[in-house]
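Going down the list, the sequences are from chains A and B. Under my numbering, the first residue of the first sequence carries the number 313, and numbering increases by one thereafter. Under my numbering, the first residue of the second sequence carries the number 161, and numbering increases by one thereafter.
Quick caveat, the hints were computed from the structure, so don't treat them as lab data.
Examples of chain A residues lying across from chain B (beta carbon under 10 Å, computed):
no.: 1; residue: Phe-478
no.: 2; residue: Leu-483
no.: 3; residue: Ile-491
no.: 4; residue: Phe-520
no.: 5; residue: Lys-604
Each computed EDC-like pair below joins lysine to aspartate or glutamate, with the alpha-carbon atoms no more than 16 Å apart:
no.: 6; chain 1: B; residue 1: Lys-241; chain 2: A; residue 2: Asp-578
no.: 7; chain 1: B; residue 1: Lys-450; chain 2: A; residue 2: Asp-482
no.: 8; chain 1: B; residue 1: Lys-569; chain 2: B; residue 2: Glu-494
no.: 9; chain 1: B; residue 1: Lys-533; chain 2: B; residue 2: Asp-565
no.: 10; chain 1: B; residue 1: Lys-308; chain 2: A; residue 2: Asp-546
no.: 11; chain 1: B; residue 1: Lys-308; chain 2: A; residue 2: Asp-578
no.: 12; chain 1: B; residue 1: Lys-308; chain 2: B; residue 2: Glu-283
Keep in mind the model is a prediction, meaning the values are calculated, not measured. Just so you know, even glycine gets a beta-carbon here, dropped at the ideal spot from N, CA and C.
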Amino acid sequence: MSQGEQVAVARASDSRRPGPLWTFGLLRSELVTTFRRWRTLALLAVLAGVPILVGIAVKIETSDGSGGQGGGGGPAFITQITNNGLFLVFTALAATLPFFLPMAVGVVAGDAIAGEANSGTLRYLLVAPAGRTRLLLTKYATTMAFCVVATLVVALSALAMGALLFPLGDLTTISGTRISFAEGLARALLIALVVAVSLMGVAALGLFVSTLTDSGIAAMATTVGLLITVQILDQIPQLHALQPYFFSHYWLSFADLMREPVYWHDLTRNLGLQALYAAVFGSAAWARFTAKDITA
Amino acid sequence: MAPYESDDNTPAGEAEDVRAGRRTAARYVVPAAVVGVAAATIGLVPAFAGSGDPDLPKISAQQLIEKIAESDVQQMSGTVKISTDLGLPNLGGLQDSLASGALSQGAGDKDGSAADPSSKLLELASGTHTLRVAADGDNKQKLSLIEKAAEYSVIRNGDDVWAYDSGSNQAYHATGAGDRHGSTSAPEDVPATPKDFAEEALKAGDKTTSVTVDGTAQVAGRDAYKLLIRPKQSGTTVGAISIAVDARTGMPLKFTLTPASGGAAVVDVGFTEVSFARPAASTFDFTPPKGTKVTQGDEMKGHEGKAQPKGMEKALPKGMDERAEGTGPKTIGEGWNAIAVFDTGSKGGVPSGAASDGGAAAGFLGSLGDQVKGKFGSGTVFSTRLVNALMTDDGKVYVGAVTKDALVKAADAGK
Numbered sequence: 313m314s315q316g317e318q319v320a321v322a323r324a325s326d327s328r329r330p331g332p333l334w335t336f337g338l339l340r341s342e343l344v345t346t347f348r349r350w351r352t353l354a355l356l357a358v359l360a361g362v363p364i365l366v367g368i369a370v371k372i373e374t375s376d377g378s379g380g381q382g383g384g385g386g387p388a389f390i391t392q393i394t395n396n397g398l399f400l401v402f403t404a405l406a407a408t409l410p411f412f413l414p415m416a417v418g419v420v421a422g423d424a425i426a427g428e429a430n431s432g433t434l435r436y437l438l439v440a441p442a443g444r445t446r447l448l449l450t451k452y453a454t455t456m457a458f459c460v461v462a463t464l465v466v467a468l469s470a471l472a473m474g475a476l477l478f479p480l481g482d483l484t485t486i487s488g489t490r491i492s493f494a495e496g497l498a499r500a501l502l503i504a505l506v507v508a509v510s511l512m513g514v515a516a517l518g519l520f521v522s523t524l525t526d527s528g529i530a531a532m533a534t535t536v537g538l539l540i541t542v543q544i545l546d547q548i549p550q551l552h553a554l555q556p557y558f559f560s561h562y563w564l565s566f567a568d569l570m571r572e573p574v575y576w577h578d579l580t581r582n583l584g585l586q587a588l589y590a591a592v593f594g595s596a597a598w599a600r601f602t603a604k605d606i607t608a
Numbered sequence: 161m162a163p164y165e166s167d168d169n170t171p172a173g174e175a176e177d178v179r180a181g182r183r184t185a186a187r188y189v190v191p192a193a194v195v196g197v198a199a200a201t202i203g204l205v206p207a208f209a210g211s212g213d214p215d216l217p218k219i220s221a222q223q224l225i226e227k228i229a230e231s232d233v234q235q236m237s238g239t240v241k242i243s244t245d246l247g248l249p250n251l252g253g254l255q256d257s258l259a260s261g262a263l264s265q266g267a268g269d270k271d272g273s274a275a276d277p278s279s280k281l282l283e284l285a286s287g288t289h290t291l292r293v294a295a296d297g298d299n300k301q302k303l304s305l306i307e308k309a310a311e312y313s314v315i316r317n318g319d320d321v322w323a324y325d326s327g328s329n330q331a332y333h334a335t336g337a338g339d340r341h342g343s344t345s346a347p348e349d350v351p352a353t354p355k356d357f358a359e360e361a362l363k364a365g366d367k368t369t370s371v372t373v374d375g376t377a378q379v380a381g382r383d384a385y386k387l388l389i390r391p392k393q394s395g396t397t398v399g400a401i402s403i404a405v406d407a408r409t410g411m412p413l414k415f416t417l418t419p420a421s422g423g424a425a426v427v428d429v430g431f432t433e434v435s436f437a438r439p440a441a442s443t444f445d446f447t448p449p450k451g452t453k454v455t456q457g458d459e460m461k462g463h464e465g466k467a468q469p470k471g472m473e474k475a476l477p478k479g480m481d482e483r484a485e486g487t488g489p490k491t492i493g494e495g496w497n498a499i500a501v502f503d504t505g506s507k508g509g510v511p512s513g514a515a516s517d518g519g520a521a522a523g524f525l526g527s528l529g530d531q532v533k534g535k536f537g538s539g540t541v542f543s544t545r546l547v548n549a550l551m552t553d554d555g556k557v558y559v560g561a562v563t564k565d566a567l568v569k570a571a572d573a574g575k
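This is chain B alone, in the form it adopts within the complex (with noise of 0.2 Å):
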């Protein structure tokens, strides 16, 4: 009979049995040595990933403006994560119907189709998100938006638009792009790349901002310079802009922009992957599978020119300042601390559309925000942690990236 170790021991002694013990608890060593490593390694690789910025020659602000500028980068393909943490309070639900209801007004679109991409935009106002965008040449394009198990793509072909929502099925189908004013419509435009948040903050730099290079960093694999704006002014929420650019090709890798108050970044955007080969032209390739529901851009009533990509520009942080475009607002201020205002019309302190729902809609609101009193009467103030807002109870609507005091400061100007 083959020997065989543990059986038949249970008459041993005690120091067998102490023995026995301590070999267990020695073998249990290696599961926990296991979990250590496996926590060292978890812990450890990112900082070590992280550090060591690359040595990249000196070079000045507006040197890198310029490289920017020149920035001509035709092809390209990349993944992008976009982190917005803007401090709304979590409504869930409700959060996502009250800001459809807000956005339908100002655009005046209200259509079924799953496809269409300004039904996406909001769900990119909050949480973390993973894009992937590939680029060849100023006619193809393409933005996928990952979802679990899912994608949302919006495809520019020559003249074709398409967006697939491969979730519920449906597609979405414009055509024309390439006759409309060109780059303003452009899928290219979106500002979800890093670049046309750079292009947004330059705009905005004028005396009342300083520019410096801070330094160098490393995104997606890449050497980058980092560009680092700042608002002169105070009274604006807006702490910091921070966009890291390619060393070699000159296109902004990442966008970061940190709240005055401090925490955590309001946006972040940037490549964790970015190759400049040019992609497979399949990839521009779409034809809708039997079974899928196309919705066609021009049947759509009241679209028109808005209906496909321009629609992606309401994203943020563009979209906070243009959603009341249909309402024509007024502009008080300049540079980082301008206010717009605008004339809901309506008693009662609460959007219109909240308040055709009747009085306990409005009373829900009212609890959102904070009671203010000033020199203009009184009023609620809804905060975030970039934009507030000021609602007075004569129905007037004062919004921007500045604090509360500025807010009461200008609507006691207005007075």
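The shape of chain A in the complex, shown without the other chains (with noise of 0.2 Å):
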């Protein structure tokens, strides 16, 4: 806790100098406290943990040389990967998204408000004349720069873990045509940017409901809940109207990306949709932080 107000104290004097550099310091001083905590690494660890086990059990079950694919089971692109060890990075990413990564987003996200509260260092950031919309926007800002580096923490372990199991080279697309190694890795890159804009709208709640209490564990713990309960929710065949709205449905169509021509549908509602989700949450998070009574 003292870490904590000497970075505030530090943010505060930081902010002296108004203008847009200040907002800039704000946020620096933002991400370099996310990105210190142990649990912020911690959780980064799982994340590269993911792609490594996938890639050591593919290696391992097709090591007989008998390429022992056996039907459509496991996640999307899992059976590609002996083909191209690039694949690894859309397998990695398909195992990843329904669950790791959103989770590691609703506790960063979760943790933003009601942690700061929880430690009695949200009235010291407010000291700052900062304002708390600003403050609100930094920390989704810190949340969404957090979304891309874990969805890269997972691409780059999956690449190398990839490049040191599999061949590399150029890859066939999922509708059989062939694209160089290069633009396969434009195209991965681009799938992780596009995960990454995947998990706005579960940022977006989970800052919302961050600004809800003054427990950062019951804001990571319920954000988390709201995930799993949705997820559940689009498995039922009898809600089918109500899943297109749903911030997971379209969670899975970057792998149309791997399509060409790439199928740009679902991709467009997946995007549309996590604006939709950001607006409206984070305008609510707003509606309640700007507000709120700060008591710690």
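Bring the two chains, given one by one in their own frames, into a single complex with the hints.
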């Protein structure tokens, strides 16, 4: 806590100079605090571990040379990893997107306001002439930065593992056409960005929940609980009329970037839906936070 | 010290609390407004997009059919959406196994490759699917079934026919597609494109049918004429068939079959996106990636000519009539009221495949149908929204796109 207060004081003193650079200073200090937490580093380590596990499992299963593909089980693209190590990136993202990634984002977003309130540092943050709106935007930007970093950690870990265990080279898209390795890499980067943007909705939801309570743990648990509930509801066929509006419904549409030509229909829906969630819960968080009594 | 607003307001009076409450409520108007605008956009945009049928010069039904016949689209690519709602009982996985059992009886194939086209076809028989089609001349065609994070493609490039199932990472290869009697076995004749559905429907057009031009419509962003085909006979379950024909190229863009009983279309196939530019040459190149299991078409015994694209013909709705191919059905009636009759030779009123599984399966199947009695004896009627089948207790099966009564009448007459 004392460390947090020091940082908060540092932030407050940093912010004496007004102007755009000042906002940047606030953002920078937020980023540093977030990424220096052990909790954040542990989350990133878990995320980096998933592709390593998947890669080793696939390698062991196919090491007898039989190419033992058994049907369509497992995460998307898993059967193509033996064709090209780059597919491990897509498999790892498909494996982490339903749960690991949004859970990590839920932890960071849920902690954003409630965690500060919990440790008593929120009032120090507001002592600086930051303004609540600006602080909220900074918190959201930090959470989104975490989304991008978390996704890239998964992608890079998977790329390293794929290069180590499997052949690389020209790859076959799921439509059966061939693209060069460079284009494959570009698509992998694009997919990682789409995955990061897919988490925008959860991040806004987590931030809103975070403004509702003064307990960081409660905010994290609520966000992750909502995430699991929505994922379950998305599996119930009777609710198919509602499902297109669930933030997780189009998550796997990033796979459409591996078609040739790219099938944009679900991708654009996903991006639109994420923007909508961000707008609704972002403004709800603003409504709540700017009018809230800060007692801690 | 910098000023800050709402800290230390615990001793503030009630009036201030009320004001703060109002301020919070006022701020929540913003997210509510965002939700409202989004809901309005989602609700209204399709309504506006659907309005405004294009103004096109008047045309007769005859001219329109000629336009379709003359249509010679060599290069195109597009996205096709297929929705089928046959009203089959929802049995989950059981339905698949029963249906594939029935299909393999007719076609006589039993092989393991997931990339084998015939194993994919039944998926199209229910629900909504998205397909992509591309063609460049007579020798290059491609058809892809878009699945969740996977795709199933059938690619024809000259003599080679490849099928690639990215979900299971298996490929299927057959050669000599060019040698086979071209027009019937090439993937272009897969009745999955609106063109093939339209041709099927037009073939049925004779004295029993009224064909009219029913205004215009926008399909996949193109101006189209709507051709309306209605049966003149009564007793059929087919209500109407509507075909949207591209005004410029004469290519059918949308095919809709509505049942006589009303409600949603039984089959609805239409382009959601179409382009008449030449697709990239790489679209039709396929080399199986390393690690992909390739099944050669020639390796499969008992398949021969039937193997590759011909299996595709078994899609709807033609497949429904042809399923009985192997047993050599008789046909009663003409036009829309045609009823196929075949003798399964087995007593008990259930298909032989299921009957061999024992009485439990027979009882189960019987529970899906309605018991009927007539001069012919008694039997079970299995109905869907389009096709009804009567299975008599002495092993005869009557199938047709006709009502139950018509089936019973046919069975009585056959006695």
